[in-house]
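2 protein chains.
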Amino acid sequence: MSVHAHEAAYYKMSEPMTSKPDALEDAIRPTTLIEPRRLRTALGIDLHIASETFQHTGSFKFRAAYNLARLVAEETILTASSGNFGQALAYACKLLNKNAIIVMPETSAQVKIDAVREHGGRVEPVDVTVKSRAERVAELAKEHPEALVASAYDDPRVIDGNASLGWELAPHDFDDVIVPVGGGGLSAGIVQGIRAHGNDRTQVIGAEPLIGNDAARSLREGRIVRNEREPQTIADGARTVSLGEHNWAILKDGLAGIVEVPEAHIEDAVRLAFLRANLKVEPTGALSIGALLTEPERFEGRNVCCVVTGGNVDPEVYRRLIGGG
Amino acid sequence: MSVHAHEAAYYKMSEPMTSKPDALEDAIRPTTLIEPRRLRTALGIDLHIASETFQHTGSFKFRAAYNLARLVAEETILTASSGNFGQALAYACKLLNKNAIIVMPETSAQVKIDAVREHGGRVEPVDVTVKSRAERVAELAKEHPEALVASAYDDPRVIDGNASLGWELAPHDFDDVIVPVGGGGLSAGIVQGIRAHGNDRTQVIGAEPLIGNDAARSLREGRIVRNEREPQTIADGARTVSLGEHNWAILKDGLAGIVEVPEAHIEDAVRLAFLRANLKVEPTGALSIGALLTEPERFEGRNVCCVVTGGNVDPEVYRRLIGGG
Numbered sequence: 001m002s003v004h005a006h007e008a009a010y011y012k013m014s015e016p017m018t019s020k021p022d023a024l025e026d027a028i029r030p031t032t033l034i035e036p037r038r039l040r041t042a043l044g045i046d047l048h049i050a051s052e053t054f055q056h057t058g059s060f061k062f063r064a065a066y067n068l069a070r071l072v073a074e075e076t077i078l079t080a081s082s083g084n085f086g087q088a089l090a091y092a093c094k095l096l097n098k099n100a101i102i103v104m105p106e107t108s109a110q111v112k113i114d115a116v117r118e119h120g121g122r123v124e125p126v127d128v129t130v131k132s133r134a135e136r137v138a139e140l141a142k143e144h145p146e147a148l149v150a151s152a153y154d155d156p157r158v159i160d161g162n163a164s165l166g167w168e169l170a171p172h173d174f175d176d177v178i179v180p181v182g183g184g185g186l187s188a189g190i191v192q193g194i195r196a197h198g199n200d201r202t203q204v205i206g207a208e209p210l211i212g213n214d215a216a217r218s219l220r221e222g223r224i225v226r227n228e229r230e231p232q233t234i235a236d237g238a239r240t241v242s243l244g245e246h247n248w249a250i251l252k253d254g255l256a257g258i259v260e261v262p263e264a265h266i267e268d269a270v271r272l273a274f275l276r277a278n279l280k281v282e283p284t285g286a287l288s289i290g291a292l293l294t295e296p297e298r299f300e301g302r303n304v305c306c307v308v309t310g311g312n313v314d315p316e317v318y319r320r321l322i323g324g325g
Numbered sequence: 001m002s003v004h005a006h007e008a009a010y011y012k013m014s015e016p017m018t019s020k021p022d023a024l025e026d027a028i029r030p031t032t033l034i035e036p037r038r039l040r041t042a043l044g045i046d047l048h049i050a051s052e053t054f055q056h057t058g059s060f061k062f063r064a065a066y067n068l069a070r071l072v073a074e075e076t077i078l079t080a081s082s083g084n085f086g087q088a089l090a091y092a093c094k095l096l097n098k099n100a101i102i103v104m105p106e107t108s109a110q111v112k113i114d115a116v117r118e119h120g121g122r123v124e125p126v127d128v129t130v131k132s133r134a135e136r137v138a139e140l141a142k143e144h145p146e147a148l149v150a151s152a153y154d155d156p157r158v159i160d161g162n163a164s165l166g167w168e169l170a171p172h173d174f175d176d177v178i179v180p181v182g183g184g185g186l187s188a189g190i191v192q193g194i195r196a197h198g199n200d201r202t203q204v205i206g207a208e209p210l211i212g213n214d215a216a217r218s219l220r221e222g223r224i225v226r227n228e229r230e231p232q233t234i235a236d237g238a239r240t241v242s243l244g245e246h247n248w249a250i251l252k253d254g255l256a257g258i259v260e261v262p263e264a265h266i267e268d269a270v271r272l273a274f275l276r277a278n279l280k281v282e283p284t285g286a287l288s289i290g291a292l293l294t295e296p297e298r299f300e301g302r303n304v305c306c307v308v309t310g311g312n313v314d315p316e317v318y319r320r321l322i323g324g325g
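Residue numbers (my numbering), protein chains in the order written: chain W, 1 to 325; chain E, 1 to 325.
Just chain W, same shape as in the assembly (with noise of 0.2 Å):
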């Protein structure tokens, strides 16, 4: 699949659908653009933030879930997710009236889990360590056959919701945008969302954590390379296996390069935020961050935007993370 087979439906959903109160861009927040000028400062970057962390359920994934449940006609939709699609899609379907299960693994941060039931979504929690999420979600599938099993990141619908985010970053033609991968849901909806408004020059880099870097050495050898199992990054929201299907459709020659960033530079990336740009990120959001701080000759002298994707982070992990260096 083509980077321009996506671009009929991304071109669809950003038409003007005042008749339709379902549609995406009544729905979504807008994305914060912050200066962060001590931030700046200190990196000696010309830097901007493109900050999710105040999108409903406080981070992008609300664009994607909210774009799928709107599609399906499924009433019911079943996923795995570290937690923050599950809340987005929990808080979509409470919106649009439908039905969420979520499948969490036992360690996701209890924020995550406490959201996911305040959004009205119903969470089955899983023990990772005896049995995957896929399983899981294959045996609940069984129970519920009424229900749609979604993907967080493979799914066509996914990445044309994550497209909005490109789409309103093309505009600004920064040099570059760098975007937090896992399973690469929100990468492909960016380089698509940015193509597609016809901005060609933008690249889109990805940052991965180090200890889960199979997108760079996917990228590297031209093909799907599998983690043997979920990384346990402190960047949660990108403890995924692999890239997806649909995604390394996109990425394959969308993106200009992966910079896979150290756990030390994620959490001195959390720390720097708060210090100098009030900002409070979840460690998968500062993935872009720690980017800068891991090859900071390569932005040099660029004009480059920091997509920071949420800031669902544990009160205790964050203590830390401040606390440090």
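Hint data in this document are derived by calculation from the structure and do not stem from the laboratory.
Take these hints with a grain of salt, some might be off.
[Unchecked claim] Label-pair distances were calculated between CB atoms; the ranges are:
no., chain 1, residue 1, chain 2, residue 2, range
1, E, 297, W, 25, 30 to 40 Å
2, W, 316, E, 145, 48 to 58 Å
3, W, 134, E, 94, 17 to 27 Å
4, W, 26, E, 229, 46 to 56 Å
5, W, 134, E, 120, 49 to 59 Å
6, W, 175, E, 26, 23 to 33 Å
7, E, 302, W, 29, 17 to 27 Å
8, W, 25, E, 41, 21 to 31 Å
9, W, 175, E, 146, 39 to 49 Å
10, W, 127, E, 303, 41 to 51 Å
11, W, 175, E, 76, 19 to 29 Å
12, E, 146, W, 110, 53 to 63 Å
13, E, 44, W, 29, 17 to 27 Å
14, W, 131, E, 175, 46 to 56 Å
No residue lacks a Cβ here, since even glycine has one placed at the ideal position from N, Cα and C.
On the provided structure of chain W, position chain E as indicated by the hints.
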């Protein structure tokens, strides 16, 4: 001095001034409006937040400081500030090629002292148990006869600068705008800006620390009442002895009331903003949300905007606050 006495100046400021590179509206960042759904659920109030945490220098004070610095002839400006005004004035002076000398209590948050220095300001620490900030300013004024001694709040140019935030909020036609009150510079500016825009409906309500409730007592008594000493509230931006004269002239008829917020509610508000709005708020900035915790029945069924004035908080203080409760 009436509210309307300021309008001419504010209108002049808000005219397009593309030929003036130092115009206020070109220098400030518009406020960030947030609809915090999970905070709404927790509080049961139709709540918006106008966050100045991403304003240049991390607080609304940049609006005031820039407007003052651009309008005065003096090349050196001397002021006393618990931190945010100093940081803002330092950066404003840097942008306008002027010099800033900032008298700060030795007990100010270290991040605020560091930030003033980083923005090119000169910090003059003072031990407020030995001499007042005003006394130290008077000493320095003798040493620097060429300097303007600026008030952080009691100055029409400061109020005019802060009025730009009221001007931004006016078209939203909120029932209530809740504003932290220290010296009264922001609250007076917001009253002025909202009224100058032609909005006579939105009520402006102050939020003041209970242990430094001079403004509430002033409203009750119909004259400026002073605290005996700087109140040691955690809301360090509200450690003022009294309202300023220029501010009182606007606030005595312009405020619909003041909520007196106990320290525990200020702390709870910082934590709630973190947990349920992904918003890093400093204690002074949280006074407005704290007012909702103190008098929830007052705001039931109303369309409320809480002004969050800034986000510059010492990491150790913040860690303690988000760990509590």
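Practice task
With respect to the beta-carbon atoms only, verify the hint that residue 134(W) and residue 94(E) lie 17 to 27 Å apart.
Solution key: violated, 55 Å
Exercise for the section: Kindly confirm whether 17 to 27 Å is satisfied by the beta carbon distance between residue 44(E) and residue 29(W). Expected result: Given a distance of about 21 Å, which is inside 17 to 27 Å, the answer is holds.
Exercise for the section: With respect to the beta-carbon atoms only, verify the hint that residue 297(E) and residue 25(W) lie 30 to 40 Å apart. Expected result: holds, 37 Å
Practice task
For residue 26(W) and residue 229(E), compare the CB-CB distance with the range 46 to 56 Å and indicate the outcome.
Solution key: Check passed, 53 Å falls within 46 to 56 Å.
Exercise for the section: Could you check the hint for me, namely that residue 25(W) and residue 41(E) are 21 to 31 Å apart, CB to CB? Expected result: holds, 24 Å
Practice task
Starting from the hint 49 to 59 Å, judge whether the C-beta atoms of residue 134(W) and residue 120(E) obey it.
Solution key: Because 56 Å falls inside the window, the suggested range holds.
Problem - Supplied distance hint 46 to 56 Å, evaluated on CB atoms of residue 131(W) and residue 175(E) - result: holds, 52 Å
Practice task
Take a look at whether the Cβ-Cβ distance between residue 175(W) and residue 146(E) falls inside 39 to 49 Å.
Solution key: Roughly 44 Å apart at Cβ, these two residues keep to the hinted range, so it holds.
Practice task
Evaluate the given range 53 to 63 Å for the C-beta pair formed by residue 146(E) and residue 110(W).
Solution key: Check passed, 58 Å falls within 53 to 63 Å.
Exercise for the section: Return holds or violated for the Cβ distance of residue 127(W) and residue 303(E) against the range 41 to 51 Å. Expected result: holds, 45 Å
Practice task
Return holds or violated for the Cβ distance of residue 175(W) and residue 76(E) against the range 19 to 29 Å.
Solution key: violated, 39 Å
Exercise for the section: Take the C-beta atom of residue 302(E) and the C-beta atom of residue 29(W), compute their distance, and say whether it sits inside 17 to 27 Å. Expected result: Roughly 22 Å apart at Cβ, these two residues keep to the hinted range, so it holds.
The structure is inconsistent with the numbered hints 3, 11, although it conforms to all the rest.
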